[in-house]
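Trainee: Counting from 161, one number per residue, gives the positions in the sequence shown under this note's numbering.
Simulated from the structure, these hints should not be mistaken for lab results.
Just to be clear, a hint being listed does not mean it is correct.
To be verified - Each computed DSS-like pair below joins lysine-lysine, with the alpha-carbon atoms no more than 27 Å apart:
| no. | residue 1 | residue 2 |
| --- | --- | --- |
| 1 | K218 | K261 |
| 2 | K231 | K261 |
| 3 | K218 | K198 |
| 4 | K231 | K198 |
| 5 | K232 | K198 |
| 6 | K218 | K231 |
| 7 | K256 | K232 |
| 8 | K256 | K231 |
| 9 | K218 | K256 |
| 10 | K218 | K232 |
| 11 | K256 | K198 |
What the hints assert, rightly or not - Pairwise CB distance ranges, derived in the manner of DEER restraints:
| no. | residue 1 | residue 2 | range |
| --- | --- | --- | --- |
| 12 | D262 | V179 | 21 to 31 Å |
| 13 | E408 | E326 | 19 to 29 Å |
| 14 | V179 | G217 | 40 to 50 Å |
| 15 | T176 | G350 | 45 to 55 Å |
| 16 | G217 | D262 | 45 to 55 Å |
| 17 | L379 | E326 | 41 to 51 Å |
| 18 | E170 | E245 | 34 to 44 Å |
| 19 | P274 | T176 | 23 to 33 Å |
| 20 | A254 | T176 | 40 to 50 Å |
| 21 | D236 | L372 | 36 to 46 Å |
| 22 | H255 | T287 | 28 to 38 Å |
| 23 | A323 | N233 | 10 to 20 Å |
| 24 | T219 | K256 | 12 to 22 Å |
| 25 | L325 | T287 | 35 to 45 Å |
Source: prediction; values computed, not measured.
All residues carry an ideal CB built from backbone N, CA and C; glycine is no exception.
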Amino acid sequence: MNNELRSILEAVHSGTVSVDEAILKIKAEPFEDIGYAKVDLHRKFRQGTAEVIYGAGKTPEQIIGIIEVMKKNGQDTILITRMEEAAAAIVGAAHKLDYHKDARVGIIGELPTPDGIGNIVIATGGTSDIPVAEEAALTASILGNNVVRLYDVGVAGLHRTLAHLEEIMSASVIIAIAGMEGALASVIGGLADCPVIAVPTSVGYGASFNGLSALLSMLNSCASGVSVVNIDNGFGAGYLANMINHMEVGKR
Numbered sequence: 161m162n163n164e165l166r167s168i169l170e171a172v173h174s175g176t177v178s179v180d181e182a183i184l185k186i187k188a189e190p191f192e193d194i195g196y197a198k199v200d201l202h203r204k205f206r207q208g209t210a211e212v213i214y215g216a217g218k219t220p221e222q223i224i225g226i227i228e229v230m231k232k233n234g235q236d237t238i239l240i241t242r243m244e245e246a247a248a249a250i251v252g253a254a255h256k257l258d259y260h261k262d263a264r265v266g267i268i269g270e271l272p273t274p275d276g277i278g279n280i281v282i283a284t285g286g287t288s289d290i291p292v293a294e295e296a297a298l299t300a301s302i303l304g305n306n307v308v309r310l311y312d313v314g315v316a317g318l319h320r321t322l323a324h325l326e327e328i329m330s331a332s333v334i335i336a337i338a339g340m341e342g343a344l345a346s347v348i349g350g351l352a353d354c355p356v357i358a359v360p361t362s363v364g365y366g367a368s369f370n371g372l373s374a375l376l377s378m379l380n381s382c383a384s385g386v387s388v389v390n391i392d393n394g395f396g397a398g399y400l401a402n403m404i405n406h407m408e409v410g411k412r
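Generate coordinates for the entire structure from the input sequences, incorporating the hints supplied.
Mentor: Pasting the structure below:
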């Protein structure tokens, strides 16, 4: 059961929310149609996490319209991914926006206090992978996780990875992000006792085929417990890591 619904039921049980008030919260309209978008207002009830705005392909005016619907319906913290700097400038004039240029991520509202079961470790093969890593890190942070960043620890200098064994071995879930041949995921997968989410990046020379070689390497990893998301999909990795890191929280 997701935390949002559980909190409503616990409030009814404690008497701080009446049954009728709880019914109104649960029976609220599942989405709002604003013409160019149907904003999902029930996603937090269904999945435990509110809707995220995918900024690519949307005009700043469309993004502003979606934000206003979300805020009107009680969503105070909003994540916008793949948002270009020009769009961020316009949206930021209408709403208080914390924009992260390298990750192309915009955040409205305050980050929550981490309440996951442990740390999400995010490791990159190189500095060039950091934009994807920051998308993953910011996604995980806005969903209520404590994030540990291990950047530029790729296999070209394996001692850099081994210098962080304590962080790797104590993580609840690890996101391994790398381009080129994508070997970092297998190395970390062979060291860690937790799930490893591999993210191939489009970093590399011509024969890397914009991340395809790293994707195939990660899919063929011989390390058990390694899963793979799409090329450059830092958001997807951060979201999945959040779900893993909150598995026990939802059962409390």
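Trainee: Confirm or reject each hint.
Mentor: Evaluation of the provided hints:
1. With a C-alpha separation of about 17 Å, the suggested pair K218 and K261 falls inside the 27 Å cut-off, and the hint holds.
2. The straight-line distance between the Cα atoms of K231 and K261 is roughly 23 Å, inside the 27 Å bound, and the hint therefore holds.
3. Only pairs whose Cα atoms come within 27 Å are accepted, and K218 paired with K198 is accepted, the gap being roughly 14 Å.
4. Taken as a hint, the K231 and K198 pair is honoured in the structure, with Cα atoms around 15 Å apart against an allowance of 27 Å.
5. The straight-line distance between the Cα atoms of K232 and K198 is roughly 14 Å, inside the 27 Å bound, and the hint therefore holds.
6. For the hint linking K218 to K231, the alpha-carbon distance of about 18 Å falls within 27 Å, and the restraint holds.
7. Restraint check: the Cα-Cα separation between K256 and K232 comes to about 15 Å, which is no more than 27 Å; the hinted pair holds.
8. Annotation: proposed proximity of K256 to K231 holds, straight-line Cα distance about 12 Å (limit 27 Å).
9. For the given pair, K218 sits about 19 Å from K256 by alpha-carbon distance, which is consistent with the 27 Å threshold.
10. Only pairs whose Cα atoms come within 27 Å are accepted, and K218 paired with K232 is accepted, the gap being roughly 20 Å.
11. Taken as a hint, the K256 and K198 pair is honoured in the structure, with Cα atoms around 23 Å apart against an allowance of 27 Å.
12. Take D262 and V179: their Cβ atoms lie about 48 Å apart, and the range 21 to 31 Å is violated.
13. The hinted window of 19 to 29 Å between E408 and E326 holds, with their beta carbons roughly 22 Å apart.
14. The hint said 40 to 50 Å for the Cβ distance between V179 and G217, and at roughly 43 Å that hint holds.
15. Hint check: T176 to G350, Cβ distance near 49 Å, so the stated range 45 to 55 Å holds.
16. A C-beta distance of roughly 20 Å is found between G217 and D262, which places it outside the suggested range of 45 to 55 Å.
17. Evaluation of the 41 to 51 Å hint for L379 and E326 yields a failure: the beta carbon distance comes to about 29 Å.
18. Between E170 and E245 the CB atoms are about 42 Å apart, so this pair conforms to the stated range of 34 to 44 Å.
19. Evaluation of the 23 to 33 Å hint for P274 and T176 yields a pass: the beta carbon distance comes to about 24 Å.
20. For the pair A254 and T176, the supplied restraint of 40 to 50 Å is violated, since their beta-carbon distance comes to about 35 Å.
21. At about 40 Å, the CB distance of D236 to L372 agrees with the hint of 36 to 46 Å.
22. A C-beta distance of roughly 32 Å is found between H255 and T287, which places it inside the suggested range of 28 to 38 Å.
23. As the Cβ distance of A323 to N233 is approximately 46 Å, the hint placing it in 10 to 20 Å is violated.
24. The hint said 12 to 22 Å for the Cβ distance between T219 and K256, and at roughly 20 Å that hint holds.
25. Checking the proposed 35 to 45 Å range against L325 and T287 shows it is violated: the Cβ atoms sit about 21 Å from each other.
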